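**Student:** Based on the hints, put chain B in the right spot on chain A.
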Amino acid sequence: MILAAAVGTAILLAIVLSINWFPTHASTQINRTSTLYDVLLIASVPIFVIVETVVVFCVWRFRMRPGEELKDGPPIHGNTRLEVVWTVIPALLMFGLAGYAYTVLRANEANKSGAMTVQVTTRQFAFEFTYPHQDGKTVISPILYLPKGKPVVFKIRSYDVVHSFFVPNFAEKIDAVPGITTTLRVTPNRIGTYPAECTELCGPGHSFMRAAVQVMTPSAFQAWLSRQPNNGPPPIGAPPSGVSAASSKGPAKTSKPTAAAGKAVFTSAAGCSTCHTLAAAGATGTIGPNLDQRLRSDCAKPASKRIRGPTLEQCIHAAITRPYAYIPSGFHAGIMPADFAKRLTSAQIAALVKFLSSAAK
Amino acid sequence: MATTVAEHTTAVTTPARGRSRVPLPAKLRRGGWYRAALFDVLGLGFAVGITALLRFVNHQHPVIDGHAITTVALFSVPVFFLLGLGAFDYWLYWASGRPTRPETHEDHGAHSWRDYFRVNPDHKVIGIQYTVTSFFFLFVGGMLAMLIRAQLAKPGMNFLTPEEFNGVFSVHASLLIFVFVIPVFAGLANFVLPLMIGAPDMAFPRLNALSYWLLPIGGLMMLASFLAPGGSFATGWTAYAPLSTDMPIGQLFFSIGVQFAGFSSIFTALNFLVTIITMRAPGMSFFRLPLLVWANFATSLLVVIATPFIASSQFFILLDSALHFNFFNAFVGPHTNGNVLMYQHIFWFYSHPAVYIMMLPGFGIISEVIAVNARKPIFGYRMMAFSLIAIVVLGFTVWAHHMFVSGMQPWIRIPMMVTTAIISVPTGIKIFSWLATLWRGVLHMSTQMLFALGFITMFTLGGISGVMLAMVPFDIHVSQTYFIVAHIHYVLFGGSLFTIFAGVYHWFPKMTGRMLDERLGRLHFWSTFIFFNLTFGPMHYIGLLGMPRRVYSYSAQFAGWNLFISICSFFLGLTFLIFLWNIVASWRHGPRAAGNPWRALSLEWQVSSPPPIFNFETIPTVVGGPYEYGVPGAVHGVFKPPAEARRPSAVAVARE
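Protein sequence lines correspond, in order, to chains A and B. For the first sequence, this note's numbering begins at 952 and goes up steadily by one. For the second sequence, this note's numbering begins at -18 and goes up steadily by one.
Heads up, none of these hints are tricks.
Some chain B residues close to chain A (C-beta under 8 Å, calculated; not the full set):
id, residue
1, P143
2, A311
3, M398
4, W420
5, T441
6, M452
7, S536
Heads up, incomplete: computed chain A residues facing chain B, CB under 8 Å, no partners named:
id, residue
8, F973
9, R983
10, L987
11, Y988
12, F999
13, D1023
14, W1037
15, A1042
16, M1045
17, Y1053
18, A1122
19, G1130
20, P1146
21, E1148
22, T1150
23, E1151
Hints were generated in silico from the structure; no laboratory data involved. Nothing here was measured: the structure is a model prediction, and the numbers come from that model. For each residue, glycine too, the CB sits at the ideal point set by N, CA and C.
Just chain A, with the same shape it has in the complex (with noise of 0.2 Å):
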């Protein structure tokens, strides 16, 4: 029986060990975590045949055979020893392995000197994230952009309900709760793009909450952020009629609203480009209609129009306002922000109404 344990114990690591449990590691933190898991893979396997060894042996050796209806087993009570032995070795190894995982927790948590700092703004249902001030302007982005090798600490704030940040590639994840600014440390080491995604409930639009993050060369990245427009506006879900928002109201008032602006806004301040396709804006989200196919054709129907308004451009206003207002068939209510008249200004949705209209096609 210890032979078929030993055999077991060895041909079922092999096949765990062998297997890829882990998505494609990203981060300094995912290598260690994968390692630690490894270890665990070692303690818990032996346990895990042993227990499988003495029950199938024990339902192969000591079943009842015909004729032994009336037996009954000899009256074993206890024995002090073994109780001892599988009380002390199992609280050991907890120990040991608590304490490993402790060590594995400090290094993915160490404060890494020339770290960079990213906030992380969560509503329902999107992500922003902000930049640290390159030349006093402020860089907002639906898509995380990082440098490769760059440590980065995420500051997460929550303005409506409990969310989670959470890169699986990363192996770190954090809850972003309102009322608190929750912090969470990442290495990125590899080169690609990988998915973020909220993974506490957090409302109707909860699976759709996502967003891309997109690990680059430090110098793409440098470039990156130096070619992004002062994003002015601050955070999405902060007061809104605060005194930043008044004084980029100001402006914006005097210039006439271009088509150009509205693509910013589109790609960066307002975030629709995490959820809707549209060529001109570069924009390949599939959670909300895809722009480019439907635009045009949901606001030529007579339903649309009655609700949103005969023309195209009354349409595109209502959709980005009133988001509610008319649903377009196969997608539901929820999703969308519905606060976009808040925390746009009207000069903002204007560029967005005119960039839209002539865009989709």
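**Tutor:** This is chain B only, laid out in the frame that chain A set:
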């Protein structure tokens, strides 16, 4: 105690049984369904009246407000229903100084199916009421699971809307946790525990009846939330604030339903504690108690201490939601002092011990089943009892392991990791003791034994994934993913539900006087075992890869596994029909059960199946341990007064 009251007064008619010909007004005056229906209307009227009055005084118009009425009615209608049904009659008569109804023993026991639909103080009737009611909710909850898997069969499916989907999985979890797993153990124990300790009934039979009738109210309220405007509660069974405080009224059906289910739990637990402490037969010392009794003693301690915490957490939600107390609202204009994490701490301070409330009685069942079917004494009986108490104590020190990624103070994670890892030691002691009990036994491979061995397998897996989850860095990766879904189902389905099945197969003959079909039982076990593992096993893998839980749709890379899981889950659903068929057919036409079909030693098997109304004609005297299998001539109890029983010539009733 019920048996000692013998006062008769002529003023009170004997309770009518069956189809009576009493005119309606009398029916309305006496406790029962007619009066309950009338009182329901009064309860609704109370809700309308009190809300209208308060709104009028407070200058809120219109004074008739559906939302306010529903909130109050969710409390008042059930309470008035219980008043009408007669659950409080005895106490109210006593409190108002009127002659209490004499205890004629007439209302004990069940003579027709109608006796299961009234306030019945007999612990055996209540045990069956409890068990059948909770299995009803198991089937409803299971069907909701089928809806969940249908929606998740492929990504981008529109079988349900997102709101409906969130509601379905929330109600699924709430029903199965609060009105299936927790009360079904109370039901099985209600039936067998007084028999096991040699008592004629529970310590407080009327309280016992009340705690049963609170249960269907809680379950039906959660189910009825689907009819609420805005849909059912859709925030998971965890109801995290502030999402839950800002939901349509369906959320309150959960907040208030939990109160009824919680009171049911607390009353039953108090009853068990007092019964176990005060009503053991002569000679039944604590270390002669069957382990099922120990397990329920430990569980009752947990219930009494922990359940008030979930009650208060949901009251906070209710006050936030209905009256804007803003306990958990961090954004209420000038007063931004809500504390969101406080909710999670209060919630998990109950809900982690609740995991043990849902597991310890199962440990007790498995000890009974394995000892009887392996024909050996439980290996290390005292350690088995002590480990239960260790789990009770440690169970209160681990709650924040559910919150490793919640944003709480980071240092709390370290002690919680250590205690969580250490709580696996007493659990491991139990597993190893069961294995040692099997060793060199004579294993009767009955259906309940198969379920017990299946339980050991799956609970070991669930325990191992639990230890992994205790390790903070690993938990950070997999918490809130399908790994958690896999873990909880290995513990609650592979763990609790398998022990429940083992218990039902073990005690069904005692409860109904009929034997179950062994062939169907084996088919039920193997099909459940296989499809359970095929359904929940792969969830570990997709969770590790990063598929979040509670999602309506998911990324295309998980499509293959999810389709596989959905198909297996439908087969898993079908296996319940085998069980249902076995129960229904055997209950009606199964072969008659002998008093002791398994040749067990504990006291419940020494009386007829089903047992007589007050269990024992003579209160037994306990002369030995409950698991003395293989000791020649050993008995646990004899039906003699203590003075005679101590003589060595005592007749071994167990072997008669």
